[in-house]
Every structure is written in C-alpha cells, then in structure tokens.
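Asks: Take a look at the letters that make up each chain.
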Amino acid sequence: MIALNNSKTWKLSSYLIALVLMVPVLVMLVGGVSASTQLFAHLWQTVLPSYLENTLLLAFWVVLLALIFGVFSAAIITQTNIVFKKQLRWLLLLPLAMPAYLVAYLYTDLFDYAGPVQRSLRAWFDWQSPSDYWFFDIRTLPGAALMLALVLFPYIYMLTRGAFEQQDQNLIRASRLLGLTAKQSFFKIALPLARPAIAVAASLVLMETLADFATVQYFSVNTLTTAIYDTWLGYGDLGAANALASVLMLLVLFVVLAEQKSRAGLRHQSARPNLNRDLIKLSVGQQIIASTFCWALVIFGFLLPLTLLIVMAIEYSDIAQLSVLMSTGVNSLKISVIAATVAVLIALSLGLYQRLHSDKYRQLPQQISGFGYAVPGTVLAMAMLSTLGPIDHWLNGAVEVLGFTAPGLILSGSLFAIIFALVVRFSAIANGTIISGIKQIPQSLDYAPASLGVNLKGSLTKVHLPILTPAIFVAWLLVFVEAMKELPAVLLLRPFNFETLSSQIYQLISDEMLEQGALGAILIVLFGLLPIVLLNKSKEKV
Amino acid sequence: MTVLLTIQQLSVKLQDKLVLSELDLTLNEGDILGLVGASGCGKTTLLNAIAGFNKPSEGQIAIDGHLLSDGENCLPAEKRQVGMIFQDYALFPHLTVKENIAFGIAKLSKTEQVEQINHLLTILKLNDLGESYIHQLSGGQQQRVAIARALAPKPKLLLLDEPFSNIDARLRNELMVEIRLLLKQFKMTAIFVTHNKDEVFTFADKMAVMAQGRLLQIDAPSIICRQPNSYQVADFLQLGSWLPCQVNSTGAHSLLGELETELIKGEKTRLLYLLVKPQQLTLSVTIDDKNKANAQVEYISVTEQGYHYYLRSIDTPSTDSTLVFNKISLYSNVALTIKQQVLLQIKPHELLFFEYNPL
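Chains A and B, in that order, give the protein sequences.
Under the numbering used here, the first residue of the first sequence carries the number 682, and numbering increases by one thereafter.
Under the numbering used here, the first residue of the second sequence carries the number 407, and numbering increases by one thereafter.
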C-alpha cells in the first residue's frame, strides 16, 4: 500500500461527513418502511394504486417521447448532412435550461380553450363551442408527459450523440463493404452500439420524471411527488408522507440499479473515434422533414417559451415587480451560494481524501456522499423533516429543562434545512466535477512535493488546490445553478415568508399570474444556460 | 569509498502481494547505479521504498548512517533528503520554470533561492526559459527542469524513474552523456531505473539486474556482461544465444561438436546451456564429407556491417532431441540464403554453462 497520508482526524471527519449526508434519507426510509403496515394497507386501499399508476404511466410516456425526440435528433445531427448542423448541434441542448413547469404554464396559456391559438382557430373557422372541433387537451397526463419530454430529451440527445460520435468509423465502413446501405448500417451497427448510452440517458430522464413535482401539480396529475406534498402540507401527516416518499425512493433505487447496469455496457464504446464520418446524404424532401423535426424541438423546447417570457416581461414588468425580484433573488443567491460553497468544500475534502489517504476504503465516503443525487427533492424534504424535526423537539425540551426559553425550530424551520437538503442533493455534482479534476492530476505530482521536502499541507496548498482551481469553479457554478433552480425541497422546507425565485414563480404559476414573475423566470432560464454552455464546451473538446 | 545507501533484507508487500523480497543493496557515495529488469520485477517499487512512497513490510533502509525505515518506523518522504525524477517529470503545470525549481528550497532566504535557481538555470542551459510555463517547453527542456528542480534542495541521493523513456531516440544518447557528466559534477549518488540495458552502459557506473523482487546480480556493467552469474541475467541482457550441451567431467557434447571443459565437476551427465556470443562462432559455407553441415539459416536481416542470421540445428532421426537448437545468433558479411546449410564452430574461449532457468 502506498504510504500516503494516514491522518486519523481526516479519516474520521470524512466518514462523519458522508454519514451526516446520508442519515436523513436513512431515517426517512426506516421511518417509512417501519411506519405501520396499517398505514400502508390504508394507503393501498385508497390512493396509492392510482398514484403509482399515474407515476408509472407518466414515466413511460416521458421516456418514450424523450427517446423519439433524443435518439432521432442525435442520429440526424451525427449521421446526416442536414443543413445548419453546426448550429443545431448545440441549439438542441438548450431546452435543458427550461424548467418543465414554465413550459407547462406557457403552453397551457397558449393552447388552452381560452388561449390565443384556439381563439384564433374558432374565429377563422367560425366554430362556436368545444363540441364543434377537437383540440389536444394539454392539461392531462399525456400533456404533462409531452411538456416534460420537451425539456428532458436533451439528456438522451446529448449522450446518444456522444455515443454515435465515439463510434469507430471503421465498423461502419466494414459493414458498408459487406453490402449494407448507409441506412442499414446505421440500424444494424451504429444504433445497437449506442444502446448502452441510450439506456443510461433514458434512466436519467426517468429519474428526473419521478422527481418532478411542479409540472404534474400544475396539471393536477396525481403522482407520488404531489401526493407526498399534499399529504404533508395538506393533512400534516408526516407518517403517510414518509411512507409515500419511501415508495418513491424504492422506485428511484430501482432506476439507479438499472442505470448502473446499463453503464457497465458502456465499455463496448470504441476508444478510437473517427471524426471523418461517412454521412448519409439527405434528399431535398428528407432535408425538409429532418430540419422541421430538429427545429421544432428547438423552437417548442426553448425558443418559443423564452420568447413568450420575454414578451410577458416587456408587457407586465414594473418597479414593484423588480423589488420583489430583488428580494427573492437575494434569497435564492444566499442559499445557492452557501449550498454551492459547502458542497464544493465537502467534495474537495472527500475527493482529496480518496486520492491521498492510505485508508483501504478511501473511496467510500465520497461514494456515500454522492448518494443524494438520485433522491427527488420532495423525498429529501421529507427526510429532512423526519430527521431534523425530532432533533429540534429534543433541543427545545433540553433548553426548557435548563430553564431557558425554547428557541423554536432552529434546524427544521430555518434555512439550515434547505441548505442541508441542497447539499445532500447536489453533492454528487460537485463530487463528479472535482473527482474528474483530481484524476487529471498525474499521480507523480502527489509524490513530487514530498521528494522536494514539502509536506502534505504544502502539497495541497501549493500544488493540488491551484491545479484544481478550474474544476472547483465549475463544480461551484454547477451546484449554484442547480440550487437556484431547485423547487420541491425549497417549497417544503422554506421558513415562513421566505421565498426564492423558483418558489415565487411556482406560486405565481399556481395563481395563474406568471406575468408578474416573468423577469424572474427569464433569470432562472439564463442561469440554467450556464451549465449547458460549460457542458457543450467540454463536449467540443472531446 | 564511503557507503551512502544501505538496504538490508528489504521486503515490500503491495495489496498483500510480495513485490520485493529480502533485498540487500549498498551504494557508495558518488556512484550511479542502473537498475534493470523486466516490467513488474519491482524496480519502481524499490525506488518508491527508498523515496518513502512505499512502506516496507520488513528490512532496513539507511542513508549516510541514518535509518529511514526499519519495517515499523518509516520516515516521511519529505524528510529523507532523497530527490526523484519521475518518468513523466511531474513538473507543476501551474508554475513557471523558476517557480518549479524554487519549490523545494522555500526555506532558504530569497537571495539564496535566486542564487541557487540562477546557478541551476545556467548549468542546465535554461537561462532564457525561467519565466516559461511547462507546456511551452520541449521534452528535453522539461527533463532539464526536472533535474534542476530535483537538484535544488541538494538531496543526498537522486532517484530517476525511467528518465529517458519519453525522449526521442536520436537525442537520448546525447542527453544521457550530458546528464551523467552533470551528476558527476555535482558528485551526486543516483539510482536510475530502466528496462533498456544500453542506457545502463552509457549512464551508470554499476548495474543491478532484478527479477521477481530480487537482485540477481550487481556489479560494473562490463563485468556483468563478461561474467553473468545466472541464466536469467544472461538471458535478460541478451548476452548471446543458448546452445544445449550434455556435460560431464570429461567435457561437453553439443550438436556443434565436442567442447573441452574442466570446470564441470561430478560424474553424472547433465543438460546445461552454453552461452554463445556471436563473436565466439566461426562460419564455414564449404560443405563436404569432411566438413559436414550442422546448421541451417532460418532468418536473415541486413545490418550496417553485413548480415544477421538466426540458425537452427540440422536434425536427423538419430539426433538427441535435448541438444537441438533453433535460434543461434550470428553476424557475418557472407551472404547466405534461407535454408542454406552451413558449418558452425565454436572458437576456443572461457565457456559459461548455466542450468536452464528462464525468467
């Protein structure tokens, strides 16, 4: 074993940090599973089957639509000579920046019975009532699925595109020499080879769908997330909410396991990508169909909603709105800055521990701390309440016994709970970025300082941290942006009268008054664009 | 000569696997030792144990009389006064050349640091590159910086882990000569690891051959080449070809004829392998009843001086199968053809027999 650092304090603190990050979810799972069989029986007899059915149906439709959008667009961009390919290549990533609930609201506004589209159609064709024509009802489960698929398909597009681009072109050329047409070799070689990447991407979409709260809530589609929210905030039943959250958590765990199995198949990808691809030459008709398909995704997934928001902002913005925006913006900034800083510090500490400590299981704390990435915000919020609530009660009791006034809910009713939840949820993002930064540092640079008489502290401050600065910055930025966008955990955990940009916009959407928060919504979208720009840059480098 | 490095009964386990086993080594002050061996034989592990990056499970390492590790206690790497030049140089990419060199001498005063850096920059011909970053330098320049950085803290012992493997073959020899002169100028004791024996001949005063975590032989390169102490050493260094012989106290019988030797004791006939160097063979292409062919050409390559051949024995049904040879190496300026039959003879010389014991 390499005689690296063997500090016991570092070891203890690393395991402690990992444990603290994992404990709330464990407490919730234990609480949920051991709640009472009676409670589960009651839930099963009443609402659970329909919640489960809706959740699974929604997941099925979202994944199916996202697969159609993502795989076809990736295939068109990588395999054909479509015009404006260079632009479409990155434009197709942009819908990822658009929160699904914003798209849901904007399209409901646009395509609903009272919206401008149906109004115009009625005027043009002289239809008098809904019975005179058929129009797609957007506020339904398939409607919610379409909204989610429109903003989640870039996950599939991005990973599938990467898989296609990494494929060894000699395989395709060999299949052509063996008599396959370009189209046949795509379906028989390229697509099967990309299957593991597509499966990974589909499971990411599935996880995001299971975690979605605001879209389904707005469309009144009762899924497990909305049920958890209603059970806790509507009925104050922590036990039942915990039980539902545990069911959702088990579903997510199932997806995570499936995703990891798919990842194992990624080894089939070639390490010898060849950028000189033999492209399928599209006829004029095919160019029109392919272009319409790709541009429709960009327009409906990003450009149209953004335009609608900009129009709203121009029409309705005023000084009062700006001051509200300022105060909620500052709140968002506050929690996001703290969460990003804490998450990055933890990721750095655990990442360097993994690299430099002599502990045989040194990767364990970092792996445990990344567990929260799969936990939906709603579940995490329940976990925080289940863990921090009893601690608060115990603290208050203890303080009262000592003769002081009880301080109240200092953990579960303060920003602490939100920040804690954000750190648990997004630590994996910081971990991933920092670890990949650390991996770029050659192992010999760990040893070189010692060979020059410099100890570990000097090595960290003079070598590792300066080299890691770009990774630290990117990790911080990614967590910051995700924290700015996070909604369900903030909604359930925020202290009284505390609004963030996302919670305020959700509130306005619920009250059908998004116009009042259009500026804030644009701000969230712009923040959402930052990681996409970073992501696209790193992909371009590959 | 003063002994600088003493290693006694050193064993190192990595992930429960014994990588170094009861290894002994001493090195005099100012000596340059070239450590050769096949991949995975433990060369780099030995360097890491001396540097303090691997903790020995048993044995002692001492430098200049100071114990560095004794199986239980292990002095941290930064306190050993052992410098190292890594295979990939491990230069800090975020620092300039000067800052890299200054890294290990931060405890000196600013004036002393500047003096030391300038001195090294001059000696290593890096004067104009002090403010450059590492990615702006060529491979050779990077290596000079790595040397300057390692020499700056004035280590007692310098370890070099395959330092020439990243250098263009054309420049390698020139650079090796230059660096050897530099180390001699600094009176530096050094151990360098390589898998290329030719580098040892150019660079080192002493050569150590390692296999499976043990030192097989350590001596001056010329002595090892003349007198390898085992089949493994001669085979790894490719000092010649192997001719199987049935040997007893009266002599040695091979398919190239009878060989006289008085060195082998004992009555029993044993199968041993004679180390045959190309210059110890004579070739005759005139074949008749008196001079019967005993080998045929299997492979031909052209060299600057003539030709290089591999020859195999001509086997008949009565040939003792244990004596068959199939790859005797021979250099000659006589042009032969594939399958051409020739007469090979061994010139009288000091015969070196070994028991078959490959790596």
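Keep in mind that a hint or two might mislead.
Taking lysine-lysine and the BS3-like style, the derived pairs with C-alpha atoms no more than 25 Å apart in a straight line are [claimed, not checked]: (1) B:Lys485 x A:Lys692; (2) B:Lys419 x A:Lys1041; (3) B:Lys513 x A:Lys692; (4) A:Lys1143 x B:Lys516; (5) A:Lys1138 x B:Lys612; (6) A:Lys1138 x B:Lys513; (7) B:Lys485 x A:Lys1143; (8) B:Lys753 x B:Lys683; (9) B:Lys560 x A:Lys1143; (10) A:Lys766 x A:Lys692; (11) A:Lys1138 x B:Lys516; (12) B:Lys531 x B:Lys485; (13) A:Lys689 x A:Lys1143; (14) B:Lys612 x A:Lys689; (15) B:Lys513 x B:Lys560; (16) A:Lys1138 x B:Lys603; (17) A:Lys1218 x A:Lys692; (18) A:Lys689 x B:Lys419; (19) B:Lys674 x B:Lys698; (20) A:Lys689 x A:Lys1041; (21) B:Lys603 x B:Lys485; (22) A:Lys1041 x B:Lys423; (23) B:Lys513 x A:Lys1143.
Computed spacing ranges between beta-carbons, pair by pair [claimed, not checked]: (24) B:Asn533 x A:Pro1123: 23 to 33 Å; (25) A:Pro1123 x B:Leu588: 22 to 32 Å; (26) B:His525 x A:Ser1039: 29 to 39 Å; (27) A:Val704 x B:His525: 32 to 42 Å; (28) A:Trp976 x B:Asn533: 57 to 67 Å; (29) B:Ser538 x A:Ser1039: 27 to 37 Å; (30) B:Gln421 x A:Thr973: 54 to 64 Å; (31) A:Thr690 x B:Asn572: 33 to 43 Å; (32) A:Val1018 x B:Ser538: 49 to 59 Å; (33) A:Pro1123 x B:Gly663: 49 to 59 Å; (34) B:Gln421 x A:Arg820: 27 to 37 Å; (35) A:Ser1039 x B:Pro754: 21 to 31 Å.
Hints in this document: simulated from the structure, not taken from any laboratory.
Quick caveat: nothing in here was measured; it's all calculated off a predicted structure.
Where a beta carbon is used, it is the ideal one built from N, C-alpha and C, also for glycine.
Asks: None of the hints should be skipped; say for each whether it holds.
Replies: Results for each hint:
1. Distance check on the hinted pair: lysine 485 of chain B and lysine 692 of chain A sit about 23 Å apart at the alpha-carbon level, within 25 Å; holds.
2. With a C-alpha separation of about 14 Å, the suggested pairing of lysine 419 of chain B with lysine 1041 of chain A holds against the 25 Å cut-off.
3. Between lysine 513 of chain B and lysine 692 of chain A the alpha-carbon distance is near 30 Å, which puts this suggested pair outside the 25 Å criterion.
4. Proposed proximity of lysine 1143 of chain A and lysine 516 of chain B is supported: the alpha carbons are some 18 Å apart, at most 25 Å.
5. Restraint check for lysine 1138 of chain A and lysine 612 of chain B: the C-alpha separation of about 38 Å exceeds 25 Å, so the hint is violated.
6. For the suggested pair lysine 1138 of chain A and lysine 513 of chain B, the alpha carbons sit about 15 Å apart, so the restraint of at most 25 Å is met.
7. For the hint pairing lysine 485 of chain B with lysine 1143 of chain A, the CA-to-CA distance comes to about 18 Å; that is within 25 Å, so the pair holds.
8. The hinted pair formed by lysine 753 of chain B and lysine 683 of chain B meets the criterion: a straight-line CA distance of about 10 Å does not exceed 25 Å.
9. Between the alpha carbons of lysine 560 of chain B and lysine 1143 of chain A the distance comes to roughly 21 Å, so the proposed pair stays at or under 25 Å and holds.
10. Proximity of lysine 766 of chain A to lysine 692 of chain A is assessed by CA-CA distance (about 50 Å); at most 25 Å being required, the pair is judged violated.
11. For a cut-off of 25 Å, the pair hint linking lysine 1138 of chain A to lysine 516 of chain B stands: about 21 Å separates their Cα positions.
12. Simply put, lysine 531 of chain B and lysine 485 of chain B have alpha-carbon atoms about 29 Å apart, too far for the 25 Å limit, and the pair is violated.
13. Under the criterion of a C-alpha separation no larger than 25 Å, the hint pairing lysine 689 of chain A with lysine 1143 of chain A is consistent with the structure, at around 23 Å.
14. About 43 Å separates the Cα atoms of lysine 612 of chain B and lysine 689 of chain A, which puts this hinted pair outside 25 Å; it is violated.
15. Restraint check for lysine 513 of chain B and lysine 560 of chain B: satisfied, since their Cα atoms lie roughly 13 Å apart, inside the 25 Å limit.
16. The suggested pairing of lysine 1138 of chain A with lysine 603 of chain B is violated, with an alpha-carbon distance near 39 Å, which exceeds 25 Å.
17. For the hint linking lysine 1218 of chain A to lysine 692 of chain A, the alpha-carbon distance of about 36 Å lies beyond 25 Å, and the restraint is violated.
18. Distance hint between lysine 689 of chain A and lysine 419 of chain B is fulfilled; the C-alpha atoms sit about 22 Å from each other, no more than 25 Å.
19. Taking the CA atoms of lysine 674 of chain B and lysine 698 of chain B, the gap is near 30 Å; set against the 25 Å cutoff, the hint is violated.
20. For the suggested pair lysine 689 of chain A and lysine 1041 of chain A, the alpha carbons sit about 13 Å apart, so the restraint of at most 25 Å is met.
21. Restraint check: the Cα-Cα separation between lysine 603 of chain B and lysine 485 of chain B comes to about 32 Å, which exceeds 25 Å; the hinted pair is violated.
22. Only pairs whose Cα atoms come within 25 Å are accepted, and lysine 1041 of chain A paired with lysine 423 of chain B is accepted, the gap being roughly 15 Å.
23. Annotation: proposed proximity of lysine 513 of chain B to lysine 1143 of chain A holds, straight-line Cα distance about 14 Å (limit 25 Å).
24. Judged by the Cβ atoms, the range 23 to 33 Å given for asparagine 533 of chain B and proline 1123 of chain A holds: they are separated by roughly 27 Å.
25. Look at proline 1123 of chain A against leucine 588 of chain B: about 25 Å separates their beta carbons, and that is inside 22 to 32 Å.
26. At roughly 37 Å, the beta-carbon separation of histidine 525 of chain B and serine 1039 of chain A lies within the given 29 to 39 Å, and the hint holds.
27. Valine 704 of chain A and histidine 525 of chain B have their C-beta atoms about 58 Å apart, which leaves the hinted 32 to 42 Å range violated.
28. For tryptophan 976 of chain A and asparagine 533 of chain B, the Cβ-Cβ distance of about 59 Å falls inside the hinted range of 57 to 67 Å, so the restraint holds.
29. One distance hint, 27 to 37 Å for the beta-carbon pair serine 538 of chain B and serine 1039 of chain A, holds here, with the actual separation near 36 Å.
30. Between glutamine 421 of chain B and threonine 973 of chain A the Cβ separation comes to about 58 Å, which falls inside the hinted range of 54 to 64 Å.
31. The supplied range of 33 to 43 Å is met by threonine 690 of chain A and asparagine 572 of chain B, whose beta-carbon atoms lie about 39 Å from each other.
32. Between valine 1018 of chain A and serine 538 of chain B the beta carbon distance is about 37 Å. The supplied range of 49 to 59 Å is therefore violated.
33. Take proline 1123 of chain A and glycine 663 of chain B: their Cβ atoms lie about 56 Å apart, and the range 49 to 59 Å holds.
34. Taking the beta carbon of each, glutamine 421 of chain B and arginine 820 of chain A are about 60 Å apart, not inside 27 to 37 Å as hinted.
35. Between serine 1039 of chain A and proline 754 of chain B, the C-beta spacing of about 59 Å breaks the proposed range 21 to 31 Å.
Of the hints listed earlier, those the structure fails to meet are numbers 3, 5, 10, 12, 14, 16, 17, 19, 21, 27, 32, 34 and 35, in rising order.
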